[in-house]
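Construct the entire structure; sequences and hints are all you get.
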Amino acid sequence: MAYTVRVQRKKIHPHKFNMWVAIAAIVMMFGGLTSAYVVMHGQTRWVSFQLPHQFIFSTIVILLSSLTMALAVKSFRQHHMNRYKMLITITAALGVIFMISQFMGFRFLYAHGVNLTFNVSASLLFIITGLHMLHVLGGVIALLVMFFRAFRTRIRSYDPVPVEVAATYWHFVDILWIYLFGFFIWMR
Amino acid sequence: MSSEVYTGQAQRAAVAAVAVHDGDGHAHHHHQSFITKYIFSQDHKVISKQFLITGMIWAIIGGFFSVIFRLQLGFPDKSFPFLETIFGHWAAGGHISPELYYQLVTMHGTIMIFFVLTAGLSGTFANLLIPLQLGARDMASPFLNMLSYWFFFVASIIMLISLFLKTGPSEAGWTAYPPLSALHEASEGSKAGMDLWLISMAVFVVSQLLAGLNYISTILNMRTKGMSMTRMPLTIWALFFTAVLGVLSFPVLLSGFILLLFDRNLGTSFYLSDIYIAGHALPNQGGSPILYEHLFWFLGHPEVYIVMLPGMGITSELLATHSRKPIFGYLAMVGSLFAIASLSFLVWAHHMFVSGMNPFLGAFFVLFTLLIAVPSSVKVFNWLATLWKGNIQYTVPALFAIGFVSLFISGGLTGIWLGNSALDLHLHDTYFVIAHFHLVMGIAAFFGMFAGVYHWFPKMFGRFMNNTLGYIHFWVTFIGAYLMFWPMHYEGLAGMPRRYYEYSADALAVYHRFQGLNEFISVVAIIVFAVQLMFVFNFFYSIFKGRPVKDPNPWKANTLEWTTPIHVGHGNWPGEIPEVHRWAYDYSKNGIDFIPQTVPVSPAEEEVAEPVKTPQ
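Chains as they are written, first to last, in UniProt numbering: chain P, 1 to 188; chain C, 1 to 616.
Keep in mind that the hints were calculated from the coordinates and are not lab data.
Every residue, glycine too, gets a C-beta built ideally from N, C-alpha and C.
Incorrect hints may have been included.
To be verified - Derived lysine-lysine pairs resembling DSS-like cross-links, with alpha carbons at most 30 Å apart: (1) C:K37 <-> P:K16; (2) C:K589 <-> C:K545; (3) C:K49 <-> C:K37; (4) P:K85 <-> P:K16; (5) C:K225 <-> P:K16; (6) C:K37 <-> C:K545; (7) C:K225 <-> C:K556; (8) C:K589 <-> C:K550; (9) C:K49 <-> P:K16.
Unchecked claim - So the derived label-pair ranges between C-beta atoms look like this: (10) P:W46 <-> C:I543: 18 to 26 Å; (11) P:F151 <-> C:V374: 55 to 63 Å; (12) C:D506 <-> P:G138: 52 to 60 Å.
Have a look at this one:
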């Protein structure tokens, strides 16, 4: 009797699908937090304040990083590994610059007396942007892993799945920031 | 898709090497040590057992806590010296202190809802059944699946540690409403115990998210050939909607917990405003505890269905199998699961009718709450129609499934009362609520779990559980459930409030007349708990000494898990994964007792299935 062993079919790579479901979960978390912002905004003790101008810079940085990420994926697919290495490095660097810029924004607020306990409006801003920054940090770590993998000499992998999953996540944190920034401006 | 044929010695080696997984880069499974096979296992079946056994340990702890606080409620004047032995100064003189009472109530609710009925129930059956019933080698991401258990384990350890703190575990109730949960000064349990509670729950949420995204991904992407969505067993449909509810609602709860942790430890005021403690005003301004209630109940209500849906799926499956009848109204069952899951997101504020909500908004939540009764009724009707004129085999799992239907009906009907804002104003936070949710989502969900454990025990361990002990377990628990919770409706209608340490004070003297009833309930609770210990004994004894399974399909069921060998290896099927040709409920069809999903549809069946053509 002979066993037939067959590779199981998959409609979409499970890691990609997992990422989409995880994105849905993260969207719900930020949905909960921004709805809390809306609810608290209606309270009488809400105090508005100016958003730091560093946030505009960080928005431009994260938009640029999305562009370099998209180009990195394209290069990887075309097996232009040198260009891919350069682009993934730039993307990771832009991620770090985004975080530094956000941090500078927080410092600006602190310098103007707007700290975590200043008012529920500031507390929410700090928590929401801080949590977003944590998500960006996760993305930067993933990009650094991609970066080191690309420079690995002993094992070469041309499997696009990890790169595509990381790119999906990176674009997501970009879009999430655009939403949050627009939301803060609109609700202010 | 690639296909290879192996013969002889090469075949055995290849099967051992390749059949363990699906060619998705999981070669690391091949040579497993004890630790990688049983501890840090990525095999969904082992993870299922890990969830089940951890859940059972928690159930014993949670159940034990309920027995202790029922001793207080039933016998407030009596001394039980053994309590002092266990709890020390918290139960000086054999009387538990009010702080310990609230801690026990809090931990009972937390443990039972999250650690037993969410992780224990979903984690066990989703892990066991999703790959097996869909024809998959494993979950979409076995590594994340393993992590989901270990996050649960870490959450468990953190919660367990909180039980041994000098100041005790949280005593803010399982809902952890601020300001009690937000202020360290509020009570002993509001100190480190509350922080550990929040950290444990945050880790728990991560565990549930990892598990949920794996379940969804596996169900949508890894079904075997022929397993269309409309051929999936109803258990899988139920677990799918459970996972969707968890993935979409737990993150909102997590956001609420993050804000609470900040309020407690970093001086923010999300939930606090104008608070005075011992005459001194706290600096917190601008927050609202109602915000927490919104964030909490946005999970809290779907959580009811996260707990219930797996039981509904298991019940649907078992009623068809054990009554040897096709499930009645398969598509209506799927549709009602979808409707229940969708509506569960739109009703959270019915838990907040007494929070000063605008009556217009309240009317909206009443409407959607009552609407859930429609798909719920569809399910009940279909279960009863499935049983109707069936060749019912009163096995232990069948009895628990029927018991589930009974409890769901009697517990669900009172939900209509509580969903009505006008009635809820009176019944809110009374024993009526306790009775309602214990019947419908506490005991009923446990019945779904027990039904599943008895039914799939042969698949998990290759042995049967003891039948006699199983019948005793069912009847005592079933009768006991009604004896405990039916009288509580009466107490609640009379206005007896819940979460009170005792009712002997002058202001509560009106409820002291229920003391006899409370004693009775407590005695029944002790008996029912003792029978659960007997179930635990039966479970562990049967793993080693139970009657061995000889037939790979002992219940004569149609679903794919019964096409595996009795002792299922990693990878589930030696050789090729079976193909599916039909739905899961072909029982008593054309004079044949059961037709497994792997049996191709015969030309005669196709002929029967052809629509009758009317002459032109």
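To see whether the hints hold, each was checked on the structure:
1. Proximity of K37 of chain C to K16 of chain P is assessed by CA-CA distance (about 27 Å); at most 30 Å being required, the pair is judged to hold.
2. Among the hinted pairs, K589 of chain C with K545 of chain C is inconsistent with the structure: their alpha-carbon atoms are about 37 Å apart, more than 30 Å.
3. This hinted pair checks out: K49 of chain C and K37 of chain C have alpha carbons roughly 12 Å apart, not beyond 30 Å.
4. For the suggested pair K85 of chain P and K16 of chain P, the alpha carbons sit about 22 Å apart, so the restraint of at most 30 Å is met.
5. Among the hinted pairs, K225 of chain C with K16 of chain P is consistent with the structure: their alpha-carbon atoms are about 21 Å apart, no more than 30 Å.
6. A C-alpha spacing of about 22 Å is found between K37 of chain C and K545 of chain C, which places the hinted pair at or below 30 Å, so the restraint holds.
7. The hinted pair formed by K225 of chain C and K556 of chain C meets the criterion: a straight-line CA distance of about 22 Å does not exceed 30 Å.
8. For the hint linking K589 of chain C to K550 of chain C, the alpha-carbon distance of about 26 Å falls within 30 Å, and the restraint holds.
9. Proximity of K49 of chain C to K16 of chain P is assessed by CA-CA distance (about 28 Å); at most 30 Å being required, the pair is judged to hold.
10. A hinted range of 18 to 26 Å is violated for the C-beta pair W46 of chain P and I543 of chain C, which are about 59 Å apart.
11. Under the hint 55 to 63 Å, the C-beta atoms of F151 of chain P and V374 of chain C, about 60 Å apart, fit the expected range.
12. Between D506 of chain C and G138 of chain P the CB atoms are about 58 Å apart, so this pair conforms to the stated range of 52 to 60 Å.
Against the hints set out earlier in the document, violations occur for numbers 2 and 10.
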